[in-house]
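K.L.:
Quick mapping for you: the protein sequence lines, in order, are chains A and B.
Using this note's numbering, the letters of the first sequence map in sequence onto residues 1 to 310.
Using this note's numbering, the letters of the second sequence map in sequence onto residues 1 to 210.
Mixed in with the good hints there might be a few duds.
Straight-line Cα separation of at most 20 Å, SDA-like style, residue types lysine to any residue; simulated pairs [to be verified]: (1) A:K236 with A:E201; (2) A:K236 with A:M149; (3) B:K85 with A:D288; (4) B:K160 with A:P182; (5) B:K162 with B:L49; (6) B:K160 with A:E180; (7) B:K162 with B:E186; (8) B:K85 with A:F267; (9) B:K85 with B:E186; (10) B:K162 with A:P182; (11) B:K85 with A:L299; (12) B:K160 with A:Q143; (13) B:K162 with A:Q143; (14) B:K162 with A:H175; (15) B:K162 with B:P55; (16) B:K162 with A:K236; (17) B:K162 with B:Y126; (18) B:K85 with A:M270; (19) B:K160 with B:E47; (20) B:K162 with B:E44; (21) B:K162 with B:G104; (22) B:K160 with A:D179; (23) B:K85 with A:T154; (24) B:K162 with B:N188; (25) B:K160 with A:H175; (26) B:K85 with B:N188; (27) B:K160 with B:E43; (28) B:K162 with A:D179; (29) B:K160 with A:F181; (30) A:K236 with A:V187; (31) A:K236 with A:T154; (32) B:K162 with B:Q203; (33) B:K85 with A:V298; (34) B:K85 with A:E201.
These are calculated hints, taken from the structure and not from any lab test.
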Amino acid sequence: MRRNLVLFLLLIMTVPVLMCCQRNRGAEKGRMAVVISTLNNPWFVVLGESAAAKARELGYDAVIYDSQNNSAREAEHFDNIIAMGYDAILFNPTDADGSVGNVLRAREAGIPTFCMDREINSRDAAVTQLLSDNFTGCVKLGQHFVREMNQQGTYVEILGLVGDNNTWNRSRGFHSVVDEFPGLRMVAQQSADFDRNMAMEVMESMLQAHPDIDAVFAGNDAMALGAYQAVLAAGKADEVKVFGFDGSDDALRSIDAGRLTATVMQFPVMMAEMSAVLADEYLNGRTDFDSRTPVEVVLVTRDNVSEFLD
Amino acid sequence: MSKKAVNYLAGALMVVVVIVLSLDIHSLDRERRRPVSEAFDVEEYVEHLWENRLPGRLEEAAELSYLLELLREDPDEAFDNYSHKLGISNTHYFYVSGSGVVDGIGEETVTVTVNETVTTEFETTYVFGNAVRDGSGLVDIDEFLNMMDFNMVSVYLNRKVKSEVIEPFMEELEPGTRVWFTGAAEINRLHDLPDPLRIIPIQISVTDGE
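Produce the entire structure from the sequences given, and follow the hints as far as they go.
P.N.:
Here it is, written out as structure tokens:
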């Protein structure tokens, strides 16, 4: 009985080692961890899976970690990644300030981090950060908004996650244009955490308080589509113009069908794949990286949406 | 009420007070108005750029007629030698100069004919974007803590252009006025060359009688 117990314990202890070896045999060049802020949002699923797929294509073993928009969970992932000795981290942070410490710990452990899409407030913690130029995208969207509104009217804004730099880059880019036109007046501003259902609820209450608005600016397409649902249910779809950001397939189809007015197209697949390529180049000796590499975004309206539809 | 209940109530009240005092609660509006990192003085940065570094760069601007001809005949040379771009992008920014005659004044633009052959438009209403900042090639993204600080440089530069260049210029403007200018233009490498090319003017002087 005692001998069986010892054998059983030995077996239990050996399995992880075997699994580890098995996994390393599949990876010719090493391992990359892909840490994503949340896999509840399809946009980030595309980001994470594209990064992992490219890393595998380049010869690395790749594992995706979901931080569930929780910085404590993200810190746990970094602890595990450092303990397991990964070669590089492709990272989509949960918090611009709170995530800096995780990246610094990885750097101290000799593991380079490459940020994707979401920014951390540091010049040198990560090797580089590939970021959609959200601010400039919303400057373009803001100009289209002003023209669509003929420089006058009232509108509401639905913000994304308040702790995320992208939320404020989008909002401030938009306001850097729209606030220059005194005929345009924002009557309400509220966060809906980039979530479609929450945006629908927020929009319902905004419409009760401000039934005569002319437009909605939402910080991403999911919220724009949720807001549009509420506008439609209130029978105001012909009166209220809805603007989003991301360039999701649903939003493009909605623009093409004459429902949403405009969005801004981001390129998550390109950003994710490029991050894996840059990590590979770094591991092969490249050292000259800019602290940030902005990725251009494109305004999509009814005039050019056909260029982006499959 | 028993003494025990009062103690519990006082304890609970103290816990609530401690929690409330430990929170940093501020409004979305305050967050929206906070322009940049607290350590970064964007106005000072832009003022220094405008006064000390930009004038030298403006002297190197390509002559507009020459540049447009080069863009048609040898676009690679024009983009490679006369433009700047940021990160992964097809949008390039140029600094251009020229002299011409004001043809018309519209709601958003002023139309100018350069060398009696090329028509261009000065942006007068939608003075936004990164053409002035990135066309200069002087502002390095690595200098900034985050994208917000970097982008606020464009915002403040554009405001300066509007208040110190465009608005005074509009006051002395009428069709037939002869002007000399330097400005910034953006061109997408994948698209056809815009005709007329729109320019954000950075320097304008009326040259009638000279």
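K.L.:
Taking the hints in turn, state whether each one holds.
P.N.:
Hints, verified against the model:
1. A:K236 with A:E201: holds, 16 Å
2. A:K236 with A:M149: holds, 16 Å
3. B:K85 with A:D288: holds, 18 Å
4. B:K160 with A:P182: holds, 19 Å
5. B:K162 with B:L49: Holds, at about 16 Å.
6. B:K160 with A:E180: holds, 13 Å
7. B:K162 with B:E186: holds, 17 Å
8. B:K85 with A:F267: Holds, at roughly 18 Å.
9. B:K85 with B:E186: holds, 10 Å
10. B:K162 with A:P182: The given pair, whose Cα atoms are some 16 Å apart, holds under the 20 Å limit.
11. B:K85 with A:L299: Holds, because 18 Å separates the two Cα atoms, which is no more than 20 Å.
12. B:K160 with A:Q143: holds, 19 Å
13. B:K162 with A:Q143: Holds, at roughly 16 Å.
14. B:K162 with A:H175: Given that 20 Å is the threshold and the Cα spacing comes to 17 Å, the pair holds.
15. B:K162 with B:P55: holds, 17 Å
16. B:K162 with A:K236: At roughly 37 Å apart (the allowed maximum being 20 Å), A:K236 and B:K162 break the hint.
17. B:K162 with B:Y126: holds, 9 Å
18. B:K85 with A:M270: Roughly 18 Å separates the two Cα atoms, so the pair holds.
19. B:K160 with B:E47: holds, 9 Å
20. B:K162 with B:E44: Holds, at roughly 18 Å.
21. B:K162 with B:G104: holds, 19 Å
22. B:K160 with A:D179: Given pair B:K160, A:D179 holds - Cα atoms ~16 Å apart, limit 20 Å.
23. B:K85 with A:T154: violated, 36 Å
24. B:K162 with B:N188: Measuring from Cα to Cα gives roughly 24 Å; hence the hint is violated.
25. B:K160 with A:H175: holds, 17 Å
26. B:K85 with B:N188: holds, 10 Å
27. B:K160 with B:E43: holds, 10 Å
28. B:K162 with A:D179: Holds, at roughly 15 Å.
29. B:K160 with A:F181: At roughly 17 Å apart (the allowed maximum being 20 Å), A:F181 and B:K160 satisfy the hint.
30. A:K236 with A:V187: holds, 17 Å
31. A:K236 with A:T154: holds, 14 Å
32. B:K162 with B:Q203: holds, 11 Å
33. B:K85 with A:V298: holds, 15 Å
34. B:K85 with A:E201: Judged against 20 Å, a Cα distance of about 41 Å means the pair is violated.
In summary, the structure is inconsistent with hints 16, 23, 24 and 34 from the numbered list given earlier, while agreeing with the others.
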